[in-house]
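**Q** Single-letter residue listing:
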Amino acid sequence: MTVRDHARETVISVENLTFSYPGSSLKALDGLSFRVTEGEFIGITGPTGAGKSSLVLCLNGIIPHFQEGTFLGAVKISNCDTFHTSCAELARQVGSVFQDPEAQIVAPIVEEEIAFGLENLAIPPREIDQRISESLELIGISALRHRATTQLSGGQKQRVAIAAAIALKPKILLLDEPTSELDPIGTMEVFDVLRRLNQEHNLTVVVVEQKVNILAEYVGRLLIMKNGKIAYDAPPREVISQPDLLTSVGLRPPPVGDLAFKLKQRGLYPGEVPLTVSEAYLGLSECLASRGNLHD
Amino acid sequence: MSVVANYIPRDSFVHRLSPLTKLFWSFLLMTLSCFFRDPVVLAGLFLSIVLVALAAGILKEMFPVFKGLLFIAGLFILFQIFFITDGRTIFTLIPGTGIGRVTDIGLTGCLAMGARMIVIAASFPILMGTTQIKDLVVVLVEKLKIPYPYAFMFVTSLRFVPTFMQEMDQIIQAQSSRAHRLDNKNFVKRFLSICPLAIPLMVTSVKKAERMAISMETRGFGVGKRTNLHTKEFRTVDTAVCSTLLLLGVAALALHFKGILM
Amino acid sequence: MIKVADLHFKYGNIDLEVLRGLSFSIEKGEFVALIGQNGAGKTTLLKQFNALLKPTGGSVQIAGLDTGKSTTGELARKVGFLFQNPDHQIFMPTVFKEIGFGPKNLHLSKAEIDHRVEEAAEAVGLSAFLGQNPLLLSKGQRQRVAFASVLSMKPEILVLDEPTTGQDYQEGIEIMEMVLKLNQLGHTIVFVTHDMELVATYAKRVIVLSHGRVLLDDSCRNVFYHPEILRQTNLFPPQIARLAQMFAQKPALFSRPLTVEEIYHEILNLPESTPNVCCS
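Chains as they are written, first to last, in this note's numbering: chain A, 111 to 406; chain B, 160 to 421; chain C, 69 to 348.
Note that these hints are calculated values from the structure, not bench results.
Being a predicted model, the structure only gives us computed values, none of them experimental.
The reader is advised that the hints may include incorrect statements.
[Claimed, not checked] Cross-link-like lysine-lysine pairs, in silico, DSS-like; alpha carbons within 25 Å at most:
1. A/K279 / B/K384
2. C/K96 / C/K272
3. C/K222 / C/K71
4. A/K339 / A/K186
5. C/K178 / B/K348
6. A/K336 / A/K186
7. A/K137 / A/K281
8. A/K336 / C/K207
9. C/K207 / A/K339
10. B/K366 / A/K137
11. C/K172 / B/K348
12. C/K137 / B/K344
13. B/K366 / C/K165
14. A/K137 / C/K207
15. C/K96 / C/K78
16. C/K207 / B/K366
17. B/K304 / B/K384
18. C/K96 / C/K122
19. C/K137 / C/K78
20. C/K172 / B/K344
21. C/K272 / C/K71
22. B/K344 / C/K178
23. C/K96 / C/K71
24. C/K78 / C/K115
25. C/K222 / C/K96
26. C/K207 / B/K367
27. B/K348 / C/K165
28. C/K137 / C/K122
29. C/K137 / C/K172
30. A/K279 / A/K186
31. A/K336 / A/K137
Taking the hints into account, I'd like the entire structure generated from these sequences.
**A** The following block contains the structure:
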């Protein structure tokens, strides 16, 4: 560990986490262990049934407090053991955003939705008002403050859900497939917000997604899950550089990464495997230029 | 549903009153209407409700509601009136026979019952139209000491009405695409044809409820004492209005017991 | 098969037209993708194909039937509609009865229904699950039950609304491969999706909708190599097409590849004017 790591706090610590739902002998989570330091932007991916959602529920305390089952091992959020800390207490540390934009919004007006969590935690009204303004400003949706929640687009709803979660000033933001029901524009809106929260405000972001392409572009570390275990834990470039890793768990490698890998095998692609189309363009240009294929 | 319970934003005197005042007004009307038997007096009460709607600037929106109430009352009167046979016969539907007799007691009695129904029901939409739900909830919880989770359930169920209507639409479309018919002539078949709609609706409702519950848990719901962003105060004008209403109510009852207002 | 003539549509209580004068036709056996941004009218258009919605102007003809004069029930024999959420339709106690619901509504004989159910279950790989309660199956399995329920009605035209959204890669591929097989057997396919990689892999023809009008209606390759038009809709071509188009020299370096395989082989076949000094 370097000195820099010591200075950064470990905000999530999972040790040998094992969980089974009631009435099932199948292990939804099987001996998971990993740590997250403050300020990381982590993506979790894997096929259906890998345990991604179960992991999210363990990180915000829903498992074991709201969802029963057989729980072994430990999950610590900023050194609080989730087994002995209530969901409400954990809500101050971990904000959660889920997949269904409709079902997580409880209030008819955006302002009331943001206020909901703050009122639950008995924050004084004047501070609530201030935090609502700050939160909406951070996400860039101040204009939506008095809008009816049923009239928002999917992307707007999810951003309201993010604003409602961060109004509680958590250190960690946890998202479970937030863009699953959104179109590409809505997806980008959400991820741009996440990137900004992470880079400008040092928020630790953990997002579960099926869309490997998007994760490759935004996150700093990728956890691949399968059968309740972590199959791989590395920066996205390292993961994309090994496409069989992704295919072995049933995921699709991003096309440009796949192309670069194939060319690399023939010694035709310089440098690192690209994560975006722009990176791929640069790498491919270099390759083709050196073969004399490029001309103006 | 939406017309009856929707808040209609206006800046009127009635809107600015505390929800408690409006609840009191509604309650007073209901009490008075139980005492009075004269359809003219009850019609007068209804007229006062219409005037309140006018003062609140929502009379136009209330027309469909009032129309609906008048229609239901009309139906009710129609069903009852031929069965009351006391008193002097005013006219008969089919002359010469005993069928369809309308008596004076029957007429006044049924008109009174109809008018009473309307008065009892008519104040509710005006209450909801001039009061924001969040203010109503705060009053219910803080002043009337109803536990927050119950008030919350009321608010949230209203907020989800459009969501469930959309889900229902999608279910109907999905099943229609499988040649499912909803317009069977046979009553039993028509009843059974609800099944392919009811079960998916129940399943998706339960799923949504669970997701909602999880979302609420992760934001500290139900822990204990909570604060409220907005509170609607009970101001001097509210005291004044409530006192006036109370005085009017007492006076009306006094007149009633003296035999003047029946 | 599908003839759309100057189709206009607006919802009853809203004045804004969602579909504004669409005209196109789809022949038997085509594999068409319908793309466009949110609100462009894609799902509204799909629902015109089985009379869930009817034109407020113009007409839609499905296999000779005018949708304005037909009911959804009548069109159910010709058009199979796979919705995004299988839970909006599953309600029977067994998979067998669930798949049989559609054929039953078509008043087929018991023998015919049984035969079709077994065939459809086989096609989606659920033969072993016929006796189980569909509500207890996994999401991916429920999606396949919904798909089988559509297949058992043996429609000539298959309409799919976002068949892979909310599923993982494997599940998505399984569904699309089944659809491809059906197309090879002669079924006409129209599907809506946000996933451009999916469109590039499966669709032969792409119709781009924007604000209720047809912006582009062409082969897949032509559509994805029209970036200026696509940009109007905030849609991005698949990664490989974007990459190839960044090489803007003339004559074009690549012949409009859409998939990794295509561009890979093109790169390998490019003439080398200098020996390969590239890289490791």
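**Q** Hint check: B/K366 vs C/K165, CA-CA at most 25 Å. Holds or violated?
**A** holds (23 Å)
**Q** What's the verdict on C/K272 and C/K71, does the C-alpha distance respect the 25 Å limit or exceed it?
**A** Given that 25 Å is the threshold and the Cα spacing comes to 18 Å, the pair holds.
**Q** Given the hint that C/K96 pairs with C/K71, test it: the Cα-Cα distance must not exceed 25 Å.
**A** The hint holds at about 11 Å.
**Q** Would you mind confirming whether the straight-line C-alpha gap from A/K279 to B/K384 stays at or under 25 Å?
**A** Holds: A/K279 and B/K384 sit about 20 Å apart, inside 25 Å.
**Q** Holds or violated: C/K137 with C/K172, Cα cutoff 25 Å?
**A** holds (23 Å)
**Q** With a cut-off of 25 Å on the C-alpha distance, tell me whether C/K207 and A/K339 pass.
**A** holds (21 Å)
**Q** For the pair we were handed, C/K96 and C/K122, check the Cα-Cα distance against 25 Å.
**A** holds (22 Å)
**Q** Sort out whether C/K207 lies within 25 Å of A/K137, counting only the CA atoms.
**A** holds (18 Å)
**Q** Can the restraint linking C/K207 and B/K367 be considered satisfied, given a maximum Cα separation of 25 Å?
**A** holds (15 Å)
**Q** Hinted pair, alpha-carbon criterion (25 Å max): C/K207, B/K366. Please report holds or violated.
**A** Status holds; Cα separation ~13 Å.
**Q** Given the hint that C/K137 pairs with C/K122, test it: the Cα-Cα distance must not exceed 25 Å.
**A** holds (9 Å)
**Q** Between A/K336 and C/K207, is the straight-line Cα distance small enough, at 25 Å or below?
**A** It holds: about 17 Å lies between the C-alpha atoms, which stays within 25 Å.
Comparing the model with each numbered hint stated earlier shows that hints 7 and 15 do not hold.
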